[in-house]
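Visitor: Residue-level listing of the chains:
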Amino acid sequence: MARPIIDIRNLSVGFTGRAGRTLPVLRNVDLRVCRGESIGIVGESGSGKSTLALASMGFLKQGLRVIEGSVCFNGEDMFARKLNQLEAIRGGQLGLIPQNSGQSLTPTMRIGAQMAEALELHCTLEKDAYRDRTIKLLSQVRLPDPEAIITRFPHELSGGQQQRVAIAMALAGEPDALLLDEPTTGLDVTTQAHILELLQDLARDRNMAMIYVSHDLGVIARACERVMVMYAGEAVLQGPTAEVLKDPAHPYARALLASIPRLCDPHLPVALDGRPPPPGGSGPGCAFAPRCALADDQCRAARPELLDAGGGSQARCLRHAQSHELTAGGAGSDPLHHRPDGAPALVLDDLSISYAAPGLLDRLFGGGGMGVPTVDDITITIASGETLGLVGESGSGKSTILKAVAGLLPPSGGTIGVGDGNALPEMVEQRRPQQLRRIQMIFQNPDDSLNPRHTVAEILAQPLRLYDGLSGKALTDRSVEILETVRLGAHYMDRLPGQLSGGEKQRVAIARAFAAEPEIVLCDEITSALDVSVQAAMLELLNEFKKMKDTTYVFVSHDLAVVRALSDRVAVLYQGRLCEIGPTEKVYGQQSHPYTSVLLNAVLEPDPDAAPNLMAEDVVELSPPARGCPFQRRCTRKQGSICENETPPWRETGGGHAIRCHIPLEEL
Amino acid sequence: MLRMLLRRLLLGVVTVWIVSVIIFAGVEALPGDACTAFLERDAKGKLLENCRHDLGLDKPAVTRYLDWAAGAVRGDFGISADGQQSIASMVGDRVKNSFLLAAGALAVGVPLAILLGVITGLWRDRWIDILFSTGAIFAMTIPEFVSATVLILIFAIWLGWVPAIVLTPADAPALDFFPEFILASVVLTMVMIAHIMRMVRSSVIEAMASDYVQMAMLKGVPYWRIVFRHALPNALLPAINVVALTVAWLLGGVVVVEVVFNYPGLGRTMIDAISDRDLPVVQALAMIVAATYVGVNLIADMLTILLNPRLRTQRMRRK
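Order-wise, the sequence lines are chains F and A. Its first residue numbered 1, the first sequence is counted upward by one per residue in my numbering. Its first residue numbered 1, the second sequence is counted upward by one per residue in my numbering.
Read the hints as simulated data drawn from the structure, not as lab findings. Don't take each hint at face value.
[As the list claims (entries may be wrong)] Covered stretches of chain F (in silico footprint by chain A; criterion: 3 or more residues with CB under 8 Å from a CB of chain A, positions within the stretch not fixed):
id, segment
1, 13-27
2, 51-59
3, 102-108
4, 118-128
[What the hints assert, rightly or not] Residues of chain A clear of chain F, computed beta-carbon distances all greater than 12 Å:
id, residue
5, S133
6, F155
7, L159
8, P169
9, S202
10, A209
11, V213
12, M215
13, M217
14, L237
15, L245
16, D276
[Claimed, not checked] Simulated restraints on C-beta separations:
id, chain 1, residue 1, chain 2, residue 2, range
17, A, R126, F, G20, 17 to 25 Å
18, A, A61, F, D448, 46 to 54 Å
19, F, S394, A, A61, 32 to 40 Å
20, F, R453, A, M302, 34 to 42 Å
21, A, W17, F, G472, 23 to 31 Å
22, F, S70, A, D125, 26 to 34 Å
23, A, A61, F, Y467, 49 to 57 Å
24, F, D201, A, T15, 54 to 62 Å
25, A, D125, F, E585, 43 to 51 Å
26, F, S528, A, T15, 42 to 50 Å
27, F, S528, A, D125, 53 to 61 Å
28, A, R64, F, D448, 51 to 59 Å
Quick reminder that beta carbons are idealized off the backbone N, C-alpha and C, glycines included.
Whole structure, please, built from the sequences with the hints as guidance.
Guide: Below, the structure written as structure tokens:
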């Protein structure tokens, strides 16, 4: 084996907690990467994976320090180097692609200036060569029109473009090794797949070492040869990707895999109970023992070493041989499906929404037309007890539709009606309490939607007071009862949101929505801020409520696998227009709209044998075309001028499945 | 961009207009007018009527408001209640003097406050931060008349470096106020520094903890270059509005300091006019102060938009 370029030995990193105790964030981690190799580090939030990646650059977040072990780059200890030596390596031989490029690019500097800075620091070029070099790098990462890009500020680029700029910047120093900290998290599926392909091409061309840090096993499956699974700051399993993702020899890895919803599997994923220990809180035994089905006294007595588990993998588990019997996917509970003949619960009739409202001056001086509406021509009837999934890329208008239904945005045309056939008043202020009660919304990020200064009791009391007029003991009893339905006990009543984990916060948000006894619950990307194992628990919870209360859901997500797991029917949106709608199996089946195919083919599954099939470019469209099919500019099967001029007809395939395309059904 | 500029300007004009109506209505609602103030005990019968007729006070309020407003737009605020002086020329000198004092305090205070804010932000919770932060708070909490008196005692009386109070007449050229106005601006600087400094400190801390600064570190950018090119341009943007408020406060006349130092600025003129019940002067001064606040904040908003690429380009590309 060649000499590793990054060589981390027995690294432990920690911080000093209360009472002066040293609390470890990383525990005895070993990692060796050679040129041309790609290694994935997976784990849930708090597992220490990002800390490990940054430590390999000789960087620790404030408050952290090395307890033991070493990090060597090209044979020299990074933590022993002087700052100016580190500055030469960082961004030079060792590049970083950050998680959120939108926030990692300096907002007041033009792209060109930021790129030139990276070049100036790490290459010696003639003064006038910087611009050419920058343009060359930007076109290398396949950014269209690099001459224009260098004059832009970061916020003027889309998420995918920002990520490409970050990659180009990392390449500026001609690195020998690249660290990728969640390189595609937050990007649309098609963009994600394109960026990963690009990175793999670059790695191959330049023979770089790559370390991918991600919570997304699909990304790792696609991009890495070897995988290291982290839990509570430890490497619990490492080995070849195929081995680790297909038949992992560690109970945690198996549970993690089982909690991921799959495109091809109509079952709900299996949730992983409990939560990881806080730093320093894992006791003397195996850190996963409290959540492990196989754990016995021996596991709890002493921390296991990394043991050889066959197939080239090592597992930090005494029971790795038995672990192969545990489930690693499939076998989740069946979602409850609706009766298609249910009475309508929510009727959207020719709904259109326009963000570009004419301003004061426009009205004074005339002119300034309304332009093309952001969302247009949405006609959907959702039956009582049905779950409708709304999917599409960012900017497709999914959340906009939810906001209009909730009364947070005024529609510019069409009506929103509820079960009794009456149209709802447009805005939330005009709706009567009994109308408000019927529709409740759960938001993407519970950190933003729960008031940080209200206790759980106060949060739950609001709907109960407003809609049921409860007070005193009745209010408390009802709140506790509701908390128990989301599997949180009465002892959570006095907690503030800041004292809860992400999953617990989202449970409180769900409890608040259900406290109103709604008929319709709007879910806006409610699992996308959560870890996969927590996400699975949320999906189970929503399914239980459906069984108990016959709730109607409108479930918005960019994650096609999550939508598949929960929905009875799916509507696919592009640029605020419906492309396809129908029962879940049909939409995910063979015959579909060209856009649906693009989306489905770009999904990365946690399976090393499944490669995405990139059909359309990940161009970002700022506004929908004024006429014709919304997908005309990106469609690989465009028929000609008919697509540009005429709105495509709905083509019924039967069973309530309809596709809006000019291409005849037989050819789709 | 131009549209937005016009729109802000229009809103500013509307604000000033509303303020003018309120001021006029307020003065109108007070018992008595210029004639009762001028004639004092003789304010009755024929004499009062004649006076009101001469000054045009017997016309309806709306007509008088329009006359007054039309004059104010041209910079003519009429004559003062004693009937002798043109308000415009009297107030004009005071405005100049107040601006001079404000300029002195700002020229030292703003750069110093920003510098201290950056230093305390970069060395957060170190001794240098604690020293300057508590010092600034201390300077802000001492009332102006106390610090003014102490400074006069030390620098004017004990050391004799500068005169204790200003004896220069109001209409003297700007240079004649030097070195008399130094102490007054030092007192103002002490009061204003803490606001700006604390604002800058917290936004420097925020910027230094941001993802883009961490990214710049991991890109190998040297520390001071990160501070100057990546952190400060972003951190100083929110300071503009605090500076604007301070500027408006200074230009609006700082009554206590002007009285202590006998400085002939707007604040002291206002006090004198109020005690003399010189209502036309009070009206004029109130209008000037209101217009200054609106104007300074308008400039600050413009600057924020111009310097923040996010706001600037958004507006340009939207339409």
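Visitor: If you test the structure against every hint from before, which numbers come out violated?
Guide: 1, 10, 11, 12, 13, 14, 19, 21, 25, 27
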